[in-house]
Amino acid sequence: MSSRKREEAEEATAALPLLVKTLQEVADEALEIGSKRQPFSAESRQKRPRIRDARVVHSVCPYCAVGCGLNVYVKDGQVLDIEGNPDSPINHGTLCPKGAATFQYTVNPSRLTRVLYRAPYSDHWEEKSLDWAMEQIALRVKQTRDATFVERLPDGREVNHTLAIASLGGATLDVEENYLMKKLFTGALGIVSIENQARI
Amino acid sequence: MPGLGTTLGRGGATTFPQDLVNSDCILIMGSNMAEAHPVAFANVVKAKERGAKVIHIDPHFSRTSALANLYVPIRAGSDIVFLGAIIRYLLEQKAFFQEYVLHYTNIATLIREDFRDTEDLDGVFSGYDPETGTYDPTSWDYERDAAGRPLSDPTLEHPRCVYQIMRRHYARYTPELVEQVCGVPRALWQQVVDTLIANSGRERTSAICYAVGWTQQSKGVQIIRTAAMLQLLLGNIGRPGGGVMALRGHASIQGSTDVPTLYDLLSGYMPQPAALLAPGPGTRRPRAEEVQAPVAGEEMRPVGPSQQTLAEYIAAVGQKTGWWANLPAYIRSLLKAWYGSYADEEEGERSYRFLPKIIGDHSHLATSYEMLDGKVRGYFLFGQNPAAGSTNARMQRKALAQLDWLVVRDLYEVESAAFWYRGPEGEAVDPRQIKTEVFLLPAAASTEKEGSFTNTQRLLQWRDKAVDPPGDARSDLWFVYHLGKRLKALYADSPHERDLPIKALTWDYERETPEPGSRILDEPDALLVLKEINGYYARTPDGKEYSLREAPHVPDFTVLKADGSTACGSWIYSGVYPEPGRNRAASRDPSGYTFPNWGFAWPANRRILYNRASADPQGRPWSERKKYIWWDEERRQWTGYDVPDFPLRKPPDYTPPPGATGIDAHSGSDPFIMKPDGKGWLFAPSGLKDGPLPTHYEAAEAPITNPLYHRQSNPAARYYRDRPDNRLAAVGDERYPIVATTYRLTEHHLSGPMTRWLPWLNALQPALFVEISPELAAERQIRHGDQVIISTPRGEIQARALVTRRLRPLRLNGRIVHQIGLPFHWGFQGKATGSITNDLTHMVLEPNVSIEEAKAFLCDVRPARGRS
Numbered sequence: 001m002s003s004r005k006r007e008e009a010e011e012a013t014a015a016l017p018l019l020v021k022t023l024q025e026v027a028d029e030a031l032e033i034g035s036k037r038q039p040f041s042a043e044s045r046q047k048r049p050r051i052r053d054a055r056v057v058h059s060v061c062p063y064c065a066v067g068c069g070l071n072v073y074v075k076d077g078q079v080l081d082i083e084g085n086p087d088s089p090i091n092h093g094t095l096c097p098k099g100a101a102t103f104q105y106t107v108n109p110s111r112l113t114r115v116l117y118r119a120p121y122s123d124h125w126e127e128k129s130l131d132w133a134m135e136q137i138a139l140r141v142k143q144t145r146d147a148t149f150v151e152r153l154p155d156g157r158e159v160n161h162t163l164a165i166a167s168l169g170g171a172t173l174d175v176e177e178n179y180l181m182k183k184l185f186t187g188a189l190g191i192v193s194i195e196n197q198a199r200i
Numbered sequence: 001m002p003g004l005g006t007t008l009g010r011g012g013a014t015t016f017p018q019d020l021v022n023s024d025c026i027l028i029m030g031s032n033m034a035e036a037h038p039v040a041f042a043n044v045v046k047a048k049e050r051g052a053k054v055i056h057i058d059p060h061f062s063r064t065s066a067l068a069n070l071y072v073p074i075r076a077g078s079d080i081v082f083l084g085a086i087i088r089y090l091l092e093q094k095a096f097f098q099e100y101v102l103h104y105t106n107i108a109t110l111i112r113e114d115f116r117d118t119e120d121l122d123g124v125f126s127g128y129d130p131e132t133g134t135y136d137p138t139s140w141d142y143e144r145d146a147a148g149r150p151l152s153d154p155t156l157e158h159p160r161c162v163y164q165i166m167r168r169h170y171a172r173y174t175p176e177l178v179e180q181v182c183g184v185p186r187a188l189w190q191q192v193v194d195t196l197i198a199n200s201g202r203e204r205t206s207a208i209c210y211a212v213g214w215t216q217q218s219k220g221v222q223i224i225r226t227a228a229m230l231q232l233l234l235g236n237i238g239r240p241g242g243g244v245m246a247l248r249g250h251a252s253i254q255g256s257t258d259v260p261t262l263y264d265l266l267s268g269y270m271p272q273p274a275a276l277l278a279p280g281p282g283t284r285r286p287r288a289e290e291v292q293a294p295v296a297g298e299e300m301r302p303v304g305p306s307q308q309t310l311a312e313y314i315a316a317v318g319q320k321t322g323w324w325a326n327l328p329a330y331i332r333s334l335l336k337a338w339y340g341s342y343a344d345e346e347e348g349e350r351s352y353r354f355l356p357k358i359i360g361d362h363s364h365l366a367t368s369y370e371m372l373d374g375k376v377r378g379y380f381l382f383g384q385n386p387a388a389g390s391t392n393a394r395m396q397r398k399a400l401a402q403l404d405w406l407v408v409r410d411l412y413e414v415e416s417a418a419f420w421y422r423g424p425e426g427e428a429v430d431p432r433q434i435k436t437e438v439f440l441l442p443a444a445a446s447t448e449k450e451g452s453f454t455n456t457q458r459l460l461q462w463r464d465k466a467v468d469p470p471g472d473a474r475s476d477l478w479f480v481y482h483l484g485k486r487l488k489a490l491y492a493d494s495p496h497e498r499d500l501p502i503k504a505l506t507w508d509y510e511r512e513t514p515e516p517g518s519r520i521l522d523e524p525d526a527l528l529v530l531k532e533i534n535g536y537y538a539r540t541p542d543g544k545e546y547s548l549r550e551a552p553h554v555p556d557f558t559v560l561k562a563d564g565s566t567a568c569g570s571w572i573y574s575g576v577y578p579e580p581g582r583n584r585a586a587s588r589d590p591s592g593y594t595f596p597n598w599g600f601a602w603p604a605n606r607r608i609l610y611n612r613a614s615a616d617p618q619g620r621p622w623s624e625r626k627k628y629i630w631w632d633e634e635r636r637q638w639t640g641y642d643v644p645d646f647p648l649r650k651p652p653d654y655t656p657p658p659g660a661t662g663i664d665a666h667s668g669s670d671p672f673i674m675k676p677d678g679k680g681w682l683f684a685p686s687g688l689k690d691g692p693l694p695t696h697y698e699a700a701e702a703p704i705t706n707p708l709y710h711r712q713s714n715p716a717a718r719y720y721r722d723r724p725d726n727r728l729a730a731v732g733d734e735r736y737p738i739v740a741t742t743y744r745l746t747e748h749h750l751s752g753p754m755t756r757w758l759p760w761l762n763a764l765q766p767a768l769f770v771e772i773s774p775e776l777a778a779e780r781q782i783r784h785g786d787q788v789i790i791s792t793p794r795g796e797i798q799a800r801a802l803v804t805r806r807l808r809p810l811r812l813n814g815r816i817v818h819q820i821g822l823p824f825h826w827g828f829q830g831k832a833t834g835s836i837t838n839d840l841t842h843m844v845l846e847p848n849v850s851i852e853e854a855k856a857f858l859c860d861v862r863p864a865r866g867r868s
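Protein chains in written order, with the working numbering: chain A, 1 to 200; chain B, 1 to 868.
Calculated from the structure, these hints are not laboratory results.
Hints are supplied without guarantee of correctness; some may be wrong.
Said to hold, decoys possible - Subject to a maximum C-alpha distance of 25 Å in a straight line, what follows is the list of computed DSS-like cross-link-like pairs (lysine-lysine):
1. B:Lys48 / A:Lys142
2. B:Lys48 / B:Lys627
3. B:Lys485 / A:Lys128
4. A:Lys142 / A:Lys128
5. A:Lys128 / B:Lys435
6. B:Lys544 / A:Lys142
7. A:Lys142 / B:Lys488
8. A:Lys142 / B:Lys375
9. B:Lys544 / B:Lys561
10. A:Lys142 / B:Lys435
11. B:Lys488 / A:Lys128
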């Protein structure tokens, strides 16, 4: 490299910080093109992308098993939007219609937010506290397990199980959640019918 | 996935969708990949742009077919004939990849003299007991020498070698049979064969992609096995652009199979201990016309080897040779992770007794029958919706009404939570008649908790938490953890031996500090759970004991021990969290062909399984073009673009010394390290409940009689013909002449719990429809857009007719057979409602995995006059 070229290169590097503009500046300039009389309102000029300053949380699509990466944009404790993660080697930012609707799956006025309880033979739901429901469920599990636990078969073989409680579901849950389900239900309580969508 | 597990060694996809771009041919069958897995299908399109041939074989023309080079319409349920005929062609023409097949499969191995084929016994293999409908597989075993080593004949001439047995078995799977059974013209079939052969071998590779179009059949495991066998014969397993790509349908369905929430498995594919019972000799199976349930008190007898002790369990389910010789280390480490110090007593025997033993089929569908009979009192549903999503959904709803209590955890009020006051149109529901107590608990969404999903390519990917769940919604981790804490408290003072496992269970996943910014102060620590799954040193060589929280992590599963010094929740996941601060599921560097630092693929972060087979027996790449893993003579180790799926320093010319055990019993050219003989299993001497070779049987409901055997459908399937809720249409029943198949749409998921509350998606796919050919529509006087009734012996549903050439009548033996296609995403809850397609399907169980047959059944269609 000649010394002159090197100087030019150094000059360019030195000038670099001046060249770097924010997107907003670029947008503002674009609006100036042609005339100083702008057809844009002050409101339009002040518009900013919603996700500016949002925290980006890395997630994975909850639908099929392809495992597309998601960027979840969070601001003020709220999810603003969910998009495909362009860095993911699986989806390169793309999503199918379901994946692209993940936002509405999670931020949706129809979601349940309180425990609902239906008593035997009742014709309506009752709202209950989470603590009450957890205690009642624990009591039902204990009562059913104690009443139905089998230590040995008539042929004398030890089985230590109950067939009167079953659990279904897991393929939409996390690995860690599945692990604890199997550990508690099978490992502690002796429930054997632990199943999920793998057979559906 | 025993189809893949039995044939190749592991129950998971052998490759990853992003490697499909390296395929020269991609065969998609039993899958509408473009619509059900669209983002993965982008790789198929890329491959096609690079010159690959794409073939789609399916009863239903879809976007996958539209983008394929070759579309082959086929009758639902005839897959094994189509694929079996390709196997016959490869064997007869010696068109298989001979060097690969001779060295890497059991094609030369001899089978016992007393083995009899379905060709000898009119549709059953030797060992079949017609009384119980089950097989004793003893006669399927290898012929062995005195030391138990399999005998073989590398010349392939011995009449009892696998090659000759397969030749005889598939002799009648001719192109003519393909025409007659599949409805595929032979020229079209031949095009598929020629394309596969032209794109397999040293220089080229073909991949096969499948989904539940294969799984949901009464012989589904055997169809998948046929594909794996075909790939072995073509030399496509373990190589770039090759493999069998299982396209799974839920975000973590692979994870929930690996960890697992399944009745017959412990983590990492170790079997759940069993004390099996079978109907005693002389117990008669009810005949089809009998509608009464089997008589209570039916005599049962013990079957199978005893697994009453840990030593017996290891003897019964372990292997002396191959990687599974390490089973003692994996089961002891699991017991240690679950039961802490109790696992040290009596060399693990004491805690082994804590594990419940299964006595039969406790799968979801088999349990549904028990529930219907009132034998199940309590039920948990975690994000699953059997009232609309499981087969024979009407029977499922009846079963839920027999429960004492039901816990439903979901984001929305799904059908399974609302079944006690509402049903599909026309189904009266009276709450005063239903005793079931229902607890409906709001669950957290995937963005509201941290944790990992294992995707279709065995890849664990960690999700960070974005926000708290709303109101009383909680993660399932929270629910299970706190339920466990409450139960431990309830049982704390119990003096009973049977309650000891509850007290012994290690159960401390408290966070050190509450999560910053979260209002939920008692959320358990998912990373701590991941650490237990990964494994840790419970006792270091200096004798120091550690609890989960303080213990050093194990780096991978090779250090796990059978002496109680290591704990590991799922050995195949070991290595995902090898040291503090390094959660490899959360690694997010996308660079590199196999992107090894994006997530963590089990086992050992391998992306293509059995990749030793990408090199020839001498360890050299089969070709420069298909180079992947090879032997580096200078460094004396295997190297390449992936983690070698082979002992790193075992040379290609290694020959096992006599009496070698474990992985040392395999030679340097045995790529299938999980199998006891290191070979890919063309013939399966064990591991399957319905035969060592895939054989064509008709679906449980089929429009034609099986032209191969008097045995109409899978003799080992369980039909429940005695159940009034599970009536089946007989062959030739004029009331139900049409073949129905079901499928997913891109815009909805399963029975809709995750999509039918979303206006965005409902706007795209608002209502149930049925795809009908113009010919059938003309026959039944149905116009496009009409409301029609679809009926089966289980029930009727209503849908809008979509008259389209995407479904076409097939000509079988001179007879026209119509097929219709139905999505299955609707129900009576949510913002878009409609008939439940699963009210039509029956509940016949495939023998290996107890899956229903929703992809091929019989029905009728008629206009819904006056009901539109």
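**Study point:** Index of numbered hints that the structure contradicts, given in increasing order
**Key:** 1, 6
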